[in-house]
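Chains as they are written, first to last, in the working numbering: chain A, 1 to 330; chain B, 1001 to 1330.
Since the hints were derived computationally from the structure, they do not count as laboratory data. Each residue gets a CB set at the ideal place from its N, CA and C atoms; glycine is no exception.
Label pairs and their computed distance ranges (CB to CB): (1) Ala1083/B - Gly162/A: 38 to 44 Å; (2) Asp1289/B - His264/A: 45 to 51 Å; (3) Pro272/A - Ala1041/B: 50 to 56 Å; (4) Glu1194/B - Asp265/A: 44 to 50 Å; (5) Leu308/A - Asp1174/B: 44 to 50 Å; (6) Pro307/A - Asp1289/B: 57 to 63 Å; (7) Ile1004/B - Glu122/A: 45 to 51 Å; (8) Ala215/A - Leu1245/B: 48 to 54 Å; (9) Pro1272/B - Gln164/A: 35 to 41 Å; (10) Pro261/A - Glu1260/B: 41 to 47 Å; (11) Asp53/A - Asp1265/B: 53 to 59 Å; (12) Gly139/A - Ile1004/B: 35 to 41 Å; (13) Gly139/A - Ala1193/B: 34 to 40 Å; (14) His131/A - Arg1056/B: 20 to 26 Å.
Sample of chain B residues with no beta-carbon within 10 Å of chain A, all distances over it, derived: (15) Arg1056; (16) Ala1246; (17) Ala1300.
2 protein chains.
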Amino acid sequence: MGGISTVLVLGDQPPRQLDLLGPAARIMRAEPTRLRDQLAAADVVLVWDFTSDAVRDAWPERGRVPAWVHTASAGVDRLVFPALIASRTVLTNARGVFEQPIAEYVAGLVLAMAKDFQGTWELQRQRRWRHRETMRVAGSQAVVVGAGPIGRAVGSTLAALGIQVALVGRTGRDGDPDFGRVRCRVELPVLLAEADWVVCAAPLTEETRGMFDAAAFDRMKASARFINVGRGPLVVADDLVRALLARRITGAVLDVFDDEPLPHDHRLWDVPGLLISPHMSGDTFGWRDELAEQFLDNFARWTAGRPLLNVVDKQLGYVPVGQASGGPDD
Amino acid sequence: MGGISTVLVLGDQPPRQLDLLGPAARIMRAEPTRLRDQLAAADVVLVWDFTSDAVRDAWPERGRVPAWVHTASAGVDRLVFPALIASRTVLTNARGVFEQPIAEYVAGLVLAMAKDFQGTWELQRQRRWRHRETMRVAGSQAVVVGAGPIGRAVGSTLAALGIQVALVGRTGRDGDPDFGRVRCRVELPVLLAEADWVVCAAPLTEETRGMFDAAAFDRMKASARFINVGRGPLVVADDLVRALLARRITGAVLDVFDDEPLPHDHRLWDVPGLLISPHMSGDTFGWRDELAEQFLDNFARWTAGRPLLNVVDKQLGYVPVGQASGGPDD
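Chain A with its partners taken away, still in its complex shape (with noise of 0.2 Å):
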């Protein structure tokens, strides 16, 4: 901190913006074949293609590392990797970004599939008029899997169209402000078998991957509907392959894969009840913007010495709800 910082940014289309970190910044675009020179030569890592495992890949193994890698995700999953947990570099992560769009995005996935507005759509394509009864959101059942800031986001939201919520986070607590009640992981199987809607916010950890397996599909009810917005690996996706042709469960959504992009030939594309959402819930139009705005902000603290926002707990794989942000609800 102080003087010219050295700034490593990996990712092909950079955000313009970093032309405004100023005098302070020294930028030095990845390559590659140099990447772990690179690395040990930075003082700030940039991930802004956060989809790549060249950081922990790259991660020299002794001597020096940058003191500050940020990544404009949400997940750091790719790069709590034990020589990072080890170190004393801090992470930082997009935390503030993402909540509002995902929130609406599937909010919008559970009312279109309540009102099965993809059955409307394939009667008109065949000039077909037939009525159909739907579901009534209002006094359902959701579980919402992460209690961090998107999963609350996602509550919120759905609360607000009276979609009765079940917050679930690595530890159960009372007293949360928005929730009342927090619940504890260990209480998943029971919450699954009485939810309408099943939304997987979690971040991708090792207590987490692999979570939503055959044994948690076989909980939920028949007319269960499952939305992964987390990461792929929090799901197996055989299993929900499975549930879904068994009819175990009736519909659901995945905006995040073991692989992506989704392979052309991958079977999930055409399984019944399956809807494919190429990574894009909290993409909304200027998220680019917003996303290197938030790290032209943090680089201003770093250069001031000034304590960095959204600083990731490593040990657990997020921001901590209530630290490194405005307020308690942040």
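Starting from the known structure of chain A, fit chain B onto it as the hints suggest.
Here is chain B on its own, set in the frame of chain A:
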């Protein structure tokens, strides 16, 4: 009132709950060829099939008419004909059943259009992964035309999503408990120019017929989307088609039409940007039971000589907000 009432029921599939009307009711099933005589003999008319003009066409020109007509619909446009208006007949409607379902439906349509779910379904059919940026609805502007219970429920639900809502009534007024100010219809041209979403939930009256015409669509932004959940003739369909084809506006959803069901060869079926919804926005599972229960409740009031709920102002063509209901906002 008092004694036994003859209840004339119009509709091919009347609800089984009519068995519960009890000994105070003598049920008469409508027969098209002798409907005029039946109307002259009936005390009460239940218009279960609200899509027909049979009551208007067979209404006795002189002599005895039914004392009470109830329609199992929110709109009463087919019943506020001059002879019924001039009569002492009390007209009631299904206020209370459709508000929340229609509000959810409209909110779902708004989100589905903002997030381009239709595009996502299309791309999935082609197994194409194409990330897009989408619209954030929070902070966008909606104009909801119709300040009755349905328009109010739509407005409240959109507002819960962070949308700025201007509610437009026949007359403007301040101090509305939910919306602060209700805008007057003469302000509509100015409001339309600002709106991202224009929702029509107005009653069909001589004042409102054809109100969404070329002039109205010309006022809207090129990015605007229009949704009609009122009645078909509120919109000049030819003008809407022209506005869509000329890309004067970006999209529209019609849930109601001049002719229902929409004929198979109707050109509305494949207008780009137009979704055809087969008059189902308010029809959630159990709606027919709710409608039947509502009539039963009102019939119990009738036989007890108590005031009926949901009495329509026949001059206005709807139940005034705050009248014949549990509270000022019901």
